[in-house]
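Put chains B and C on the given structure of chain A with help from the hints.
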Amino acid sequence: MRKLWSLIAVCVLLTGCAVPGDTEDANYPNRPIEMIIAYEAGGVTDSIAQAFSRVISDHMPGDQPVVVRNIPGGAGVVGTTKAWQARPDGYTISMVPPGPLSVQPLYGNAPYQPEEFRAIIRLASNPIVFAVRSDAPWDTFEEWLEWTKKNPGEFSYASGATGAPSQLALEQLVLAENLRTSYVPFQSTGEAYAALLGGHVDGVSVSSQQVKAGLAAGEVKILANLGTDRDIDYLHGVPSLTELGYDMAIDAYFGIVASADIPDDRVTVLHDAFQATLNDPDVNRILKNTGVLPDYAPATTFQQQIMDDFAVYRETLTALQLIHP
Amino acid sequence: MENLILFLQGMQTAFAPMNLLFVLVGVTIGMLIGVLPGIGPVAGAALLIPVTYGLDPTAAIILLAGIYYGSMYGGTITSVLLNIPGDSASVITTMDGHPLAKQGRAGVALGVAALGSFVGSTLALLALVFIAPALAGVALDFGPPEYFAAMLTGMLLIGALIGKSLVKGLISTFLGMALAMVGMEPTMGVARFNFGFSELLGGINFVLIAVGIFGLSQILLNLDTKAIVTVNERITGMRPRRAELRGTTTATLRGSIIGVVLGVIPAISAAVASLVSYATEKRLAKDPTRFGRGAVEGVAGPESANNAAAGASMIPLLTLGIPGSPTTAILLGAFMIHGLTPGPTLFTDEPEFVWAVIASLLAGNVILLIFNIKLINLWAKLIQLPYPLLYPAILAIAVIGAYSINYSMSDVVITLVFAAVGYVMRQLDFPVAPIALSFVLGGNIEWTLVQTLAMSNDGLLIFLGRPIALGILIACVAIAVIAMAVRLYMRFVRGKGSDANVSTPVG
Amino acid sequence: MRKPGSTVVASGGIVVMFAALLVVALGYPYMVEARGSSRPGPGFFPVWILGILVALSIVNLVQEIRKRVTETRILPSGQSLLKLVKVFGSVVLFVALAPFAGFTIACALFLFLIYCFANGFGWLRSAGLSVGISIALFVLFRTLLGVQLPVNALGW
Numbered sequence: 004m005r006k007l008w009s010l011i012a013v014c015v016l017l018t019g020c021a022v023p024g025d026t027e028d029a030n031y032p033n034r035p036i037e038m039i040i041a042y043e044a045g046g047v048t049d050s051i052a053q054a055f056s057r058v059i060s061d062h063m064p065g066d067q068p069v070v071v072r073n074i075p076g077g078a079g080v081v082g083t084t085k086a087w088q089a090r091p092d093g094y095t096i097s098m099v100p101p102g103p104l105s106v107q108p109l110y111g112n113a114p115y116q117p118e119e120f121r122a123i124i125r126l127a128s129n130p131i132v133f134a135v136r137s138d139a140p141w142d143t144f145e146e147w148l149e150w151t152k153k154n155p156g157e158f159s160y161a162s163g164a165t166g167a168p169s170q171l172a173l174e175q176l177v178l179a180e181n182l183r184t185s186y187v188p189f190q191s192t193g194e195a196y197a198a199l200l201g202g203h204v205d206g207v208s209v210s211s212q213q214v215k216a217g218l219a220a221g222e223v224k225i226l227a228n229l230g231t232d233r234d235i236d237y238l239h240g241v242p243s244l245t246e247l248g249y250d251m252a253i254d255a256y257f258g259i260v261a262s263a264d265i266p267d268d269r270v271t272v273l274h275d276a277f278q279a280t281l282n283d284p285d286v287n288r289i290l291k292n293t294g295v296l297p298d299y300a301p302a303t304t305f306q307q308q309i310m311d312d313f314a315v316y317r318e319t320l321t322a323l324q325l326i327h328p
Numbered sequence: 279m280e281n282l283i284l285f286l287q288g289m290q291t292a293f294a295p296m297n298l299l300f301v302l303v304g305v306t307i308g309m310l311i312g313v314l315p316g317i318g319p320v321a322g323a324a325l326l327i328p329v330t331y332g333l334d335p336t337a338a339i340i341l342l343a344g345i346y347y348g349s350m351y352g353g354t355i356t357s358v359l360l361n362i363p364g365d366s367a368s369v370i371t372t373m374d375g376h377p378l379a380k381q382g383r384a385g386v387a388l389g390v391a392a393l394g395s396f397v398g399s400t401l402a403l404l405a406l407v408f409i410a411p412a413l414a415g416v417a418l419d420f421g422p423p424e425y426f427a428a429m430l431t432g433m434l435l436i437g438a439l440i441g442k443s444l445v446k447g448l449i450s451t452f453l454g455m456a457l458a459m460v461g462m463e464p465t466m467g468v469a470r471f472n473f474g475f476s477e478l479l480g481g482i483n484f485v486l487i488a489v490g491i492f493g494l495s496q497i498l499l500n501l502d503t504k505a506i507v508t509v510n511e512r513i514t515g516m517r518p519r520r521a522e523l524r525g526t527t528t529a530t531l532r533g534s535i536i537g538v539v540l541g542v543i544p545a546i547s548a549a550v551a552s553l554v555s556y557a558t559e560k561r562l563a564k565d566p567t568r569f570g571r572g573a574v575e576g577v578a579g580p581e582s583a584n585n586a587a588a589g590a591s592m593i594p595l596l597t598l599g600i601p602g603s604p605t606t607a608i609l610l611g612a613f614m615i616h617g618l619t620p621g622p623t624l625f626t627d628e629p630e631f632v633w634a635v636i637a638s639l640l641a642g643n644v645i646l647l648i649f650n651i652k653l654i655n656l657w658a659k660l661i662q663l664p665y666p667l668l669y670p671a672i673l674a675i676a677v678i679g680a681y682s683i684n685y686s687m688s689d690v691v692i693t694l695v696f697a698a699v700g701y702v703m704r705q706l707d708f709p710v711a712p713i714a715l716s717f718v719l720g721g722n723i724e725w726t727l728v729q730t731l732a733m734s735n736d737g738l739l740i741f742l743g744r745p746i747a748l749g750i751l752i753a754c755v756a757i758a759v760i761a762m763a764v765r766l767y768m769r770f771v772r773g774k775g776s777d778a779n780v781s782t783p784v785g
Numbered sequence: 015m016r017k018p019g020s021t022v023v024a025s026g027g028i029v030v031m032f033a034a035l036l037v038v039a040l041g042y043p044y045m046v047e048a049r050g051s052s053r054p055g056p057g058f059f060p061v062w063i064l065g066i067l068v069a070l071s072i073v074n075l076v077q078e079i080r081k082r083v084t085e086t087r088i089l090p091s092g093q094s095l096l097k098l099v100k101v102f103g104s105v106v107l108f109v110a111l112a113p114f115a116g117f118t119i120a121c122a123l124f125l126f127l128i129y130c131f132a133n134g135f136g137w138l139r140s141a142g143l144s145v146g147i148s149i150a151l152f153v154l155f156r157t158l159l160g161v162q163l164p165v166n167a168l169g170w
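Chains as they are written, first to last, in the numbering used here: chain A, 4 to 328; chain B, 279 to 785; chain C, 15 to 170.
The hints are simulated quantities; they were obtained by calculation from the structure and are not laboratory data. Glycine included, C-beta positions come from ideal geometry on N, C-alpha and C. Accuracy of the hints is not assured; some may be wrong.
A few chain C residues that don't get close to chain B, going by computed Cβ distances all over 10 Å [as the list claims (entries may be wrong)]: (1) Val38; (2) Ile66; (3) Ile79; (4) Gly136; (5) Trp137; (6) Ala141; (7) Leu151; (8) Val153; (9) Thr157; (10) Leu159; (11) Gly169.
Computed Cβ-Cβ distance ranges for the label pairs, DEER-style [said to hold, decoys possible]: (12) Pro35/A - Gly474/B: 40 to 50 Å; (13) Arg288/A - Pro629/B: 50 to 60 Å; (14) Pro629/B - Asp61/A: 34 to 44 Å; (15) Ala756/B - Gly111/A: 57 to 67 Å; (16) Arg288/A - Leu668/B: 39 to 49 Å; (17) Leu738/B - Gln116/A: 33 to 43 Å; (18) Val38/C - Asp61/A: 22 to 32 Å; (19) Gly332/B - Asp232/A: 50 to 60 Å; (20) Ala763/B - Pro43/C: 36 to 46 Å.
With the rest of the complex left out, here is chain A (with noise of 0.2 Å):
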């Protein structure tokens, strides 16, 4: 009885984990390469790691296809984590928005820093906008400051998470503007936007594409815009901070990243299919149906936008006292 339990562990043992020789050569790639989505199924950040991977092995050399791969959890952690555990052999990439990578090391909730990733591509970016219900007393930035200053204590607003650069992002005007509001934290940007309509919050602080829908619909104005100026329709007449003469732009981004030690001519495969699927007419289509904005960037300039984003994050965290670093 016992020596077949052990030859039956055996037998599986060997025929189970028998990995066929690493074929790995000049030809990179010569098999399908993995993209980590740290989010559940269906929402945005998978919706476009969707949309990508269904037409990028027609872009690929040897057409390789690009699976997706969802590891949702901890606030986008656990699949970051995945990522950069994985070997850096391009085999394993991850298509992240910013709140794993600059946020959440801050917090000491994550065993990487942001520079121990390879920036590969910019895929696209959604300034950060500042609404408040249309029936609401302020029909500019100016009132709503000047208001907000008169009566301390009385504007609220909501984002759809705590720490995330939805909510660093107005809290960064708050502080420089040394603003006394309140925060109301919950738990995904639907919720939050259920509140500001139902009146129990006086404004939200979400990412562009979030915001569409009630724009059309009449619901809410935007107030500022609290990332880069933008040429989209519901953006034109809208003042950005820069253009208020405050030096501060957030924008959500979505880009691929991988782990750092990645070779060079891997980082240019992937740049250039990925560059290739962004212009692709189906990718477009769903990009612009869930309001998501394509923004190319470079490996270099997308390397250089985590780490400045990690670095505000960092003073805006500290300063609210959410951080002691």
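Just chains B and C, lined up with the frame of chain A:
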């Protein structure tokens, strides 16, 4: 009236052969997903979104909505037959559904559940067609203070699930809340009770608790019992006894109404609706002690309520663009991908699409009702297979289910830990259903209290200025006082010695 | 003096576990200062919930002691215990093996072990059942539902 005409036009689109096929495929996949523990409606719908990229928007949404509906029906089946709830909405169904199955009345439980689900969904659909805009307005009046009050009341209703011993029931309830504290918290993003595991940063997934504490521990427990009677040889059909007919009918109707009302409010989940329905039925019953031992109303009410709530959560989704549950959040994503923006403009901009989808919901429900009634015999036969043949396969499916949420083996390990916890708890006579429901409510109580206090400049006094929240809190206190009074009265009537009897272990 | 029953020991264990978790909870900030006002912090709910749990579990312990039941066991004995260990052990082996050997092999082995050694089915019957079921599950989940089950280097 105008809506009715549009609805009839929508029927034409929905009943076009191609679209009917998508309804059929959707609800079938949904049923399958619901039956398999682990892959709940959320994961099911999400997994299939990429499949719909190539379809036209109407077909895509019809397919995904079908999966949502189908899985709500399917979740009941494992709750009744195996005591494994597929998602949080069907936890309550295990309370009386499984005892019914043990008595050889699985057919009755499944039949009543299928019919109740149909009635609940249809009522929700009627609400969607006729009074959606009015209901949607009410939904927005619910802010954090109102949710807090509602969740607190929900915690109180968990009392209905507490079995023989009050102390053990309370321990289970608070344990559920404690489990909800794991992971990053709302105020500062501090990671709690994760003991250094990044897998626990996002908290514990409900499915792991359900599969571990309910499913696996039950199977492990059955290993010991010499004569496991999963079902009697004789399946007594799916008709309730004559004496039960009236109670079942009223329970179904009450459950449906409770479900529609609560389902409209975003963030109040189908699980809460089924809990409220169960507590209501137990309170109103002439003999509450039947509950937990196979009361047909205990299946009919909650099943009607959770499907009605699932249907009603389409109201805030379609009219306001606000998802009321994780699954509708997935649907929202699917809408966006296909270039549709749910919200007030959807009805005016895309009337054909909206009404076709609504009509497809009706078609889907009819198909599901027929399916379920027809399949009851098959399910009944399936669990008549010898248990030693069956349980290893169920174990394997449970492991896949836990794995499939995040494609993570650490989730399976967590599930195994919960299986051991559930095993010990059952041996010690702790009730397990309160853990699952207080887990769902507990985290929300903390979030909504933090939000309420962040909104308020005067601390808890904010409740005085919020009539809805205050009303719920007063009702909550009233329920507590009445329940206490009834308990004391019962003790008085029965005389002293009863308390000692109550806590005697049975196993 | 009688030996305490295993339920009493377990109830005592529950008290100790909750007390330990309460100590962890006390390590989180109980209140936080946010712009001039003081609010419940990360530790507020855990401290209260675990405090209540410690109190309740002590009451439970007292009740269990008063019952003076010594015969109840948490784990079964003899054959039943062996069966429990075999089944739980097989599940653990399944979980440990799946990432390397792939789902199909790990699952078939797991089913075979239970059918053959825990349930006492015959060799051939166990092998047929386990291989059949694991392939059926693989096809159902991976092919039909698109679940990314773990696979070995050969793709299954």
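query = Does the structure break any of the earlier hints, and which numbers would those be?
reply = Hints 1, 2, 7, 10, 12, 13, 15, 18 and 19 are the ones this structure does not satisfy, whereas the remaining hints hold.
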